[in-house]
Amino acid sequence: MSNLTYTVIFYIFAAITVFSAAFVVFSRNVIYSAFSLLFTFFGVAALYVFLSADFIAVTQVVVYVGGILVLLLFGVMFTKSIMNTELKSDVLHIIPGTLILAGMLGALLYTFYTTHTWKPSEIQLHGSIVERIGYETMSHYVLPFEMVSILLLAALIGAAFLARFDKPDNKNL
Amino acid sequence: MEHLIPIGLNHYLTISALLLGFGLFAVMTRKNAIVVLMGVELILNAANINFLAFSKYNGGIGGVMFSLFVIVIAAAEAAIALAIVINIFKIFKSVDISSVDTMKE
Amino acid sequence: MLSLIVFLPILAGLVILAVPSSQKQIIRIVSLLAALAQGVLAVLIWRAYDPSLPGITASPGGSPLGSFQFVEKLPWISLKLGGFGSLNIEYFLGVDGISVTMVILTALVSAIGVLSSWTIQKQVKGYFILYNLLASAMMGCFVALDFFLFYVFWELMLLPMYFLIGIWGGPNREYAAIKFFLYTLFGSVFMLLVMIGLYFSVIDPVTGNHTFSLVAMANQANYIKSAILGPDNVMWRYVAFSVLFVGFAIKVPMFPFHTWLPDAHVEAPTPISVILAGVLLKLGTYGMMRINFPLFPEVFHASMYVIGIFGAINIIYGAFCALAQQDLKKMVAYSSISHMGYVLLGLAAGNSEGMVGALYQMFNHGTITAMLFLLVGVIYDRAHTRQIDKFGGLSSYMPVYAAIVTVAWFASLGLPGLSGFISEAFVFVGAFSSVTTRYIAMVSVLGIVFGAAYLLWSLQRMFLGKRKPDAAYDLEVGADGHEHIHFHDWKGKIDLDARELTMLVPLVVITIFLGIYPMPILGMITTSVNRLVEVLTPLAIR
Amino acid sequence: MHSLIQLSIVVLLLPLLSFVILIFFNRRLPRRGDFIGVGILGTAFAISAYIFWSVIVQTYDPAFRVAWDFTWIDLGKVPGIGPLQIKMGIVIDNLTAIMLAMVTLISLLVHLYSTGYMAGDKNYGRYFAFLGIFTFSMLGIVLSDNLFSIYIFWELVGLSSYLLIGFFFEKDSAADAQKKAFLANRVGDIGMWLGILILYSQFHTFSFEQIYANLAAGKFAMSNAWLTAAGLLLFMGCVGKSAQFPLHIWLPDAMEGPTPVSALIHAATMVAAGVYFVARIFVLLTPDALHVIAFIGAFTAFMAATIAITQNDIKRVLAYSTVSQLGYMVLGLGVGAYSAALFHLVTHAFFKACLFLGSGAIIHAMHHEQDMRWMGGLRKHMPWTFATFTLATLALAGLPLTSGFMSKDAILAGAIGFANVEGGGVYYLIPALGFFSAMLTAFYMGRQIWLVFFGESRTHLKPADNHHHGHDAHSAHGAHDDHHGAHEVHEVSWNMRAPLVILAVLSVFIVYSPNPLDGAEGWFMKMIRTPATVVGPANHNCAALPAQTTSPLMAEALPAVETHVATDAHAVSEVEHAAAKGEHAFADPRQAEIAHAAHAAHFPAIYISSIMVVLGISFAGIVFVFRIIDPDKTAEAIRPLYLFSLNKWYWDEIYQATFIKGSVLLSKILSWFDTNVIDGIVNGVAVLVRNLAFANNSFDKYVVDGLVNFTAFSVNTTGAVLRKLQTGKVQTYVALLLVVLFGYFVFYFTRLIY
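Residue numbers (my numbering), protein chains in the order written: chain A, 12 to 184; chain B, 6 to 110; chain C, 1002 to 1543; chain D, 357 to 1110.
Calculated directly from the structure, the hints in this document are not laboratory data.
Heads up, the beta-carbon is just placed ideally off N, CA and C, and yes, glycines get one too.
Hints are supplied without guarantee of correctness; some may be wrong.
Unchecked claim - Derived list of chain C stretches under chain D, where covered just means 3 residues or more per stretch with a C-beta under 8 Å from a C-beta of chain D:
1. 1391-1398
2. 1427-1438
3. 1521-1527
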């Protein structure tokens, strides 16, 4: 894989990611946004591969595309009927949003391109890191791992509880 | 132009910045709670990209591990958030978060 | 006795306070009983009064308390004020010839006022409580012999009067009530200052302390020579006299200070007009006779001419203003101003005839004007208007009313045989006999003609001739073929009913009786007035 | 108490009793109680006649005098004066006795007459009540022994005159007239009152007797001008009551009252009360005052006579004739012909009452037609009325054999004597005016008699209404009017006829004097003597007492008055004794001289006045009977003079334009002044104070309070602004968060740059 090919492929995925993310944001239709988000996640997963994090990329695809995105789509479908034109979502204070977006972007990009203190180190990650992840998870990061798992469990139970919300008896909610 | 050919840290950072910007924009401006959640996912992805990029170029495994946790927590977050959104819909008959302002008073 | 007659109405007011406000008839009857009891007490005082005792102030060689009757004297407020000495205020009541007639008048007019208040329908309870408070305060003013006590009663009078005009009055009542209140308050503020000045200038000959006793103040021997209002401070004595005079003149009301009167009368309900004209105006001249003149005799002596001129202005100016009025009640109000001018003129004469005339005029004006206002109230109740031009030919349809009006009008214009004449005659006799006021009296006599002019003119326009096209009533031909009068929304009797006759007939009888035989009243006052004239004559001339 | 006093008190109070009974109970009595009025007056007249009999016939003493008084008001021991009492009392002398009998007689006759004249009136009972109170007041004037009570009754007759003039109060003209009468009288009364005050202020008594005694003793402390003023001011009362110029205007209007009232009040008694009063105070009038009085009387007599010749209303002619005759009386008093003036008062009262009652009968018969132009020919229909009316007219005109001749002649003789004594050319004006007026009187009375009683009935000539008078009205209504005039006019009933006859009889000379040419030989002139003046030249210098300036309060007390004990039954003052010594024993030389000259002028006066009367009557005959001079053409020829007379010398218009309009205007101005200037100042002060208060309030509110409020305000606004941010919307909070973040970036980069 030549350097140029590598670069071209990177730019293609970068473009997919960015444009689909932009479509997520600027589309008036929630369904379109959801599907556009799929492309974003794939693009990001591809970028993870470029960043030598293939396990993360796979996880990204499995969790985001297989879990979160499906969840989001369910949410869309629960809350609106698909055929309903009201799926088009309105935009709130567009001008301050745009200003802040431009400001944040400008500020970040300015920072990135003027900051030279984070010179990349000589040692870079290469190849698959799945093994290392396994070791690190079971050794160094075992406590966070367990906590995350408990959190996940709690979140799942909580989500299930919240989602089975009955019609409230009292009207003062 | 010669800066663009070798892919460096700044490319990833730029992409993450753009994703962050879009995500913030969605969170700030969209009235649909689902889209807002999507914006949040974009922000988390942008953060992940940053973690992994710095992890790669600094050779540490910490960023990778952290991004893994982020993904897990994002999943939990999405689940909870959607449950909340559905509840909001049940109460307010709408997912329009501009109408959800009972916190005002 | 005097405490009882003063506080009886207040007691009645307290009883009324306990009566539920829906029991209007009980409230009225309680007030009437109190007024009648006051009247009985006044008659008892009149019978028991010894006309040979002069009062006014200590007679030479007599008691330092003077020869007042029915005296009640108790220490009331006694404050130790450190460097200022002590403040001694006494509860000191008593009557002499000057006040006893006024006590009788007040009792009479109060009782008639209660009867006249029978038709008040708005907030009866509050009305009668205020009314009784007013009756007490008026009576208190006439019998108080302590300046401070007098002042308390004087101010106490303002409050109920303000509310009685301001709540139960006509359309412009707030303006009138405020005007009345401010005018009178303006006068009384200065009175307060003079009162304090006098307190520090006078020594009670018995106790040696400063005193508010008017009896002590009226004796020039009790003044500290160098005190603020002592005999040496001539300028301050003039200032104090003038200020006090203005305070009382507002109440009279004297010419430049009279404008509250027409407004107050026009707006006030009938009984309050009766009280106002019948009693309150007398307080001004009574205050002059009791306080202003005897306390500063030499200043009075120097200012007789000025007072006389103001009296003449009142007489003629009031008569002219009355001539121009279209509102009957306003005309009567201006006639009051004119008639009070006679009182001022009589006082200014400074001799016995004038003073007797003035005091008798105060009594007669009280009864006659009460009658006039009651009569105005009668026609206003029926026709809901007081415009003189809205009537005409009433004599044919309301003969009893017309007859009483004729008596009252002629009494007011000073027809001999009715009481007003004797007092006016004595005022003129006195004023002309005094060299100081002789020319003023000659001018004032014109008031007799103009008084007759406005009264007869109004009598003609309202009662004689025929019904005017735009009159306030209709004519109907009755079953007997005669024309009868018909007032819009008046259900009662067309001519006077029994209650109105009960109010008016006693006044008519008094007016005629006192016009033929004035001695029942004059006999009580002459001794005191003669003594007063002696007190007023400066020592150098005496 | 003398029995005559007791009787006179009864006489005085009886009419009052009649008033009280009738005013309260007239509706409950049969015939509205008119018999009570007539009966009571009859009793009163009977008693008065007895008094007259005992005083005039039995005693026959010119100096007769009985007095009694009581303390009415006791003023106690007045400082500077001593014990002071106001007394009321009664005095009876010859004049009182005559007046008493005259007043009660005429009043009785009028009462009787009114039972016919007023029959059917809706206020019939009230009418008799008013007559009662009038009679009471008039008797009060006659009997009073002091100025105060005479003033009281003076005003009371004014009241009863007011009530009776306005008896038909539904007529606007009557209501106007009654007010006018009362006000004109009041103007006179204030003058009279001031005169009383001048005298009182000197002597502290109202009694005639004491005042005259003090005056005679020279105790009048003020200057002589004041005394003249006092006399003239007292005379003003007479000017008002007796309708002398310039207050004569009310009397003709007073004819709006019922005709018997005109006869009683406005011809015979009340208007004569002025003359009676001047007679009572005659002794204190100074010569200057008498001159003024004489001129006013002469002028009034002349002026009223000139007006009377053109009036068309039968009652107005008589009214002006009354004014004119009253002028004679006042003239008589002014020239010092005291007894002649009073004689004329009495004779005039009878014949003028007769004339008025006669005219009342005519008006009654003519169905309330008062205009003489539409009468005529009544002689045949009303013989009794014609006879009595003519007799009274002759008396008024002053033809010999009548009472009027004697009294008028005596006055004119006095006037000539007076002019002779005073000697000045201008004083001859007084008798000249008197004689000329006598001629005019004869003329207008001749005119009246002719127009009313002779010729053919002219009832049909009356225009149907004021809009179209002329031939068509004449022809259209002629028959109808003829019917009225010819067939319905008939003689009045006995109760109206009897008074006419009695009064006419009393106009014949023999009642008063055996000699038809000289009244002085009669009992009247003998009984009524000119009293000696108390202010003659002998007393003039007494006024120059040292001026008292020590005390204004006590000054009037210094000429200490000896308190006169109430005059006893027969107490007669020294002064009057002196006057009573003999026929010509005048204490004052001036009076004696005038009396002498008047006596000398007696026959010239008779000649001149007879010539004048004959001239007047024949002139009337020339004009109205024989039509040698056409009255209408003459009137046209001297139109300005005719109009001047017809419009009563324009006095009403002049007064209307000056005094009445002026008063009303002044009242409007003062009322405007009151509401706008005085009240304006008061309200202006109020507004000023209120504005000051508002300004102060604003300072308080905006500056002092402002500081306090600003804190609260700033917190409040900040809160309000910040509250806008507190939308409760998540996205707003996110945006804020980002703003802060952005701010941090900016801060960070600025730190980087600098």
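Count the residues of the segment 1521-1527 of chain C with a beta-carbon closer than 8 Å to any beta-carbon of chain D: does the count reach three? Result for this restraint: holds, n = 3.
Quick check: do three or more residues in the segment 1391-1398 of chain C have a beta carbon closer than 8 Å to a beta carbon of chain D? The restraint on the segment 1391-1398 of chain C holds, since 3 of its residues have a Cβ under 8 Å from chain D and three suffice.
Under a C-beta cut-off of less than 8 Å, do 3 or more residues of the segment 1427-1438 of chain C approach chain D closely enough to confirm the stated coverage? holds (count 7)
Every hint, counting from the list given before, is met by this structure.
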